[in-house]
Structure formats: structure tokens, C-alpha cells
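Enquirer: Residue-level listing of the chains:
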Amino acid sequence: MNFNTTLREKSAKIVIYAILTVFVIFTIAPLVFMITASFMPSKEIVKMPYRWIPTTLHWPNFYKAIAGNDGRFMFPRNILNSIIVAGAVTITTVLLACMTGYGLAKFRFRGRTVLFLMIMATMMIPFEAIMIPLYLVTTKIGLQNSYGGLIIPFMVNAFGVFMMRQYLITFPDEFIEAARIDGMGELRIFWSIIFPNSMPTIATLSILAFRAQWDNLLWPLLVVQSEKMKTIPLYIVKFTAEKHSDEGAMMAIALLASIPMFILFFALSEYFIGGSAVFSSRKG
Amino acid sequence: MAKKQTTGKIDRKLARWGLVFVAPAIAFFAVFSFYPISMALYTSLFKKNLLSLKKPDFVGLKNYIYLLKSADFWNSVEATFVFALGTFLPLLIISLMLAAFIMNISKARRFFQMAYYTPAVISSVVSAAIWLLIFDPRGLGNQWVNAIMNTPGIDHRWLANSITVRISTMVVYFWKYIGYFVIIFISGLANIPHSLYEAAKIDGSSAWNMFWRITFPLLRPTVVLVSIMSMLQCLKTFSTQYLFTQSGAPQAPINVITLNIYNTGIRDFRIGRASAMSIILFAIMLFFTWLQFSTSKSDEVSY
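Note that the protein sequences, when read in sequence, are chains D and L. Per numbering that gives the first Met the number 0, the very first residue in the first sequence carries number 0; after that it's consecutive. Per numbering that gives the first Met the number 0, the very first residue in the second sequence carries number 0; after that it's consecutive.
Errors might be hidden in some of the hints.
Stated by the list, open to error - Here are the simulated distance ranges between beta carbons: (1) L/HIS193 / D/SER145: 50 to 58 Å; (2) L/PRO136 / D/LYS139: 45 to 53 Å; (3) D/MET47 / L/ALA282: 45 to 53 Å; (4) L/LYS54 / D/ARG107: 34 to 42 Å; (5) D/GLU176 / L/TYR196: 25 to 33 Å.
Hints are computed from structural coordinates only; laboratory data are not their basis. For each residue, glycine too, the CB sits at the ideal point set by N, CA and C.
Given these sequences and hints, build the entire structure.
Expert: Structure follows, in C-alpha cells:
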């Protein structure tokens, strides 16, 4: 009897590990495919069966990825644009969300609840529903094709405010009171006490904001027309849609565009995961 | 009395500081959320063309009536819901299963979480580009499916036929977000006190019974939240469909509402009609958000 249950438990464990491993293959294989294919000439990529280990390192893929089909070398400029836009949005989001969250969590003023609910209500407005009016306004004030046009509509978001507020509500009032008694100004309290003490939440929020912009396709598609102002998603779309694009070069671009995110992920994985875990705890 | 006055003064001063901290964001949301959504509502009542200099004509609800009668729009609604349901149901079930499995093993927990999560790190355009090659007639998609189903040499026409192209977009999305939901469920599961399981074990419950009697009911709020969230996310899908159609996949089966808004407004310059579509999308999403609030209210769990 005892022997039987342990045997059953053991085989259940094996089945569990087997299923988990099948899904690891499913999630990881396409990434391995991207990496290996980026080193192969396109003839080899579409060969059946696929050879997972490249026989040679086919560097021309990377040249073509960076030079583009038109040979204009827009890739470095486009990746720089992505870094500028995502970086700027991250900075403004963190600052504004922290300020607003602090104001809502630690000050009492008339209309505070209404303002908080108003901000939360914007979470229900999908960007897809307001992109056309936003586009009309942006072109009207001449911000199309500029960093301003790419950055300004995303300077802060309701979710960030919510996250910071939830965090700062638990922040001990005594620290703030003590600083006030010491004669510290309100701005200094924010800058030298609140902001540095919110770092874990700020890191999570930064990653969310940076990723969202690194990933953003729809808005740049609307406001950017010139090759010079394109961001990385637009560069990828253009390259893939062109008729005679080389498969190897396509994967080389995909790899180059993912490297910054991979580095961030392996360095700061707990904050990536923290960002998604926020959703599971609604209390607080 | 004098003391009360000074504290009143300090309170007022602090209240002002509170407003100072909040004001920039409020101004931002007014300009970049509330103004555009009201403009979308307003524009949806006009026949407006982006290129024409003519003053737009007020047409009342005609844009909405046109859309409700348009086969093309209903096709988009269908494509969107087919995609949303076909993506989020498997996502929900499989991510819950994987999370429960991970909680049941002792070794390599972290490894499995990271492995599932990695696709979520790369951008949606990159994932669509990778899968575009996998779904190539000579690509890995055919090779794998033929190996599993033992049907050598068959081309499943992943990007050519209206059913398979829908499945392909779902696979991309499923692949990218599975790890995300596994992580959410794991943190939900970790919140369930261990003592409950120990008590059940002493009472002789099977693992299956424990899942349905303890885990599932206690996890219900997380399940509801994840369902609504992923549903909302799926209704907004754009990148995969856009890249696929740009690379030659048939548009009609995957012409989701957002893609239709983009094409109607930006490519065909019909701003009024595109705005009406935006408002309908907004209404659909509001409905699901309302659903979330109304179900989660009754879901306060106590252990």
C-alpha cells in the first residue's frame, strides 16, 4: 500500500515535470530559432528539417540588418530614437506618478477622492479609442515627426499613479512629520525622503513604462512619417514588409532589437516579475 | 483657540501642497485622456474627411448606423471576439495549470517561471516577426505539427487560409503572454495559506479534490481579474495582425477593430467613421470593466 502511493506520487511528479518541460520547449524554441537563424543564410533557415546549430556564422545578416534594404543605415538612428523615447517616458512617468501618488496618499484636501477616481477612470479609456483625436491635435500643433510628439502623450499613466499611491499609503507618516518639524520644505521632503524611499516600486514602474514604449507600434505609426524619426518597431515592420527581405537579416534585426530588453530582464528580473504580480494583489 | 487656528492654517497650507503635487498629472489627464475621448465622441457625429478642407457635416448617428449595417464592421467585431476568446480561454486554463504544477514541485521552480516569462520580454513586433518565419510553408510550424500528427510533408498554410491565419495570430499572442499569467497565478497561489492544504491532507483529500475544493475557490478573485484583464488586452490587439497583413496574410479574417480603425482613419481618411468605431470599442471595453467591478465586489475572500 505504502509502496504503491509513493510510486504513484513519483509517477505524478514525472508527468508534471514532463508537461512543464514541453511548455519550456514551446516558449524557448522560437527564441532559440531567432538567435540561430540570425547567423544563417536564408537558404538554410527555410530548409527542412531546420538545423538548430548553424554550421557557419553568417555575418552579412547583421550588416544587412543595420544597413537596411535601401542601404541608408537607419537602424542605429531608429534604435537611438527608441531609447530616447522610452527613456524620456520612463523618467516623466516615474516623477509624475510618484508626485501624484504622494499628493493623493499623504495630503488631505477637498476633492481628493474625486480627483483620484478621475485618474482611475482614465484606465478605462483605451489608447486605441483616442488615438485619432490625439493624432489630429498633434499634427495641428506641429508635433508630428518629433520626439515631443512621440513622448508627450505618454508622460504619465493612471496605473503608475495607482501603484505609487498604494505604496506610499503604507509609508510611515512619522518620517514626514519629523522632517517638517526639522524645517524641511515640502519639495525637499518629496525629493530627499519620499522619492529615494520608493525605489523598489519605482524600479518596477520604470520597467513597465520602458517596455511599453519599446513595444509601442501604433502611435509611432501614426505620428512618424520620416525614416529618421522611426522607432524600432516601425523599422522592423518596414523591413519585414519589404518584398525581398532576407530572412536571416530579419532575425538579426529581431535579435538586435531584443538585446536591450534581454539585458534588462536578466539584470532586473525580479522587477519584471514584480510588475506582473501587482495585479494579483488588489488589496491595500 | 489660538492653537486651533494655527493648526487650521497648517492644514490649509498642507492641502495646498497636496494640490500642487497632484495638479500636473490632473492637467495631463485632462488634455491627453478626457479631451481626446470627448473629441472622439464629438467627431463621431460628423462626416469628416482628413483631406477635405470643407467644414465637416453634422450627420448625427449616421456613422453608427452605417457601421451597424456594414458587413465589414461586423466582420471586424467577429474577428476581434474570435481572437479574444480563442486566446484568453487557452491562456487562462493553461497558465493556471502550469502555475499549479510549478507550486507542486520543489526543484527548478525559478527556472520554469523564467523560461515561461522570457517571451514576454521581447516586443510584440519582434514576436510577430519570429512567428512569421515559423509559419513559413517550409518553416518550423509545419515541421513540428507534422512531426506531432505524423503527417509528413503537409503544408498547413498557416498564413493563407482564413482559419489558420486566425489560429496563427492566437498562437503568437498565447506564446508571448503565457508566462505573464503563470506569474500572476503563482503569486495568487502563494497567498493561499499552507495550513489549509495540510488540514486537507490529514483528512485524506486527493490532490485533485484539494485543487477544486480549496485552490480554485480561493483563487477565484485572481481568476476573474486575470480573465477580464486578458480579455481587455486581447480586444486591443493590433501589432501581430498589422505585421501579418503587411507581410501578405489575408486581411479579412484578422481585420480586428483596432486595425479597422487605423485603416479607416489613417489610410482612408474617414475620421468621423473611425471615431464612431473607437467609441464602440470604448463601450465594449467599458462593459467588461464594469463586469469586473460588479463581480469582484462579491469576491472578498477571507481565509
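Enquirer: State for each hint whether it applies.
Expert: These are the hints, each one checked on the structure:
1. L/HIS193 / D/SER145: 50 to 58 Å: Roughly 55 Å apart at Cβ, these two residues keep to the hinted range, so it holds.
2. L/PRO136 / D/LYS139: 45 to 53 Å: holds, 46 Å
3. D/MET47 / L/ALA282: 45 to 53 Å: For D/MET47 and L/ALA282 the Cβ distance comes to about 48 Å; the hint holds.
4. L/LYS54 / D/ARG107: 34 to 42 Å: violated, 49 Å
5. D/GLU176 / L/TYR196: 25 to 33 Å: Roughly 44 Å apart at Cβ, these two residues miss the hinted range, so it is violated.
Violated hints, in rising order: 4 and 5; the structure is consistent with all others.
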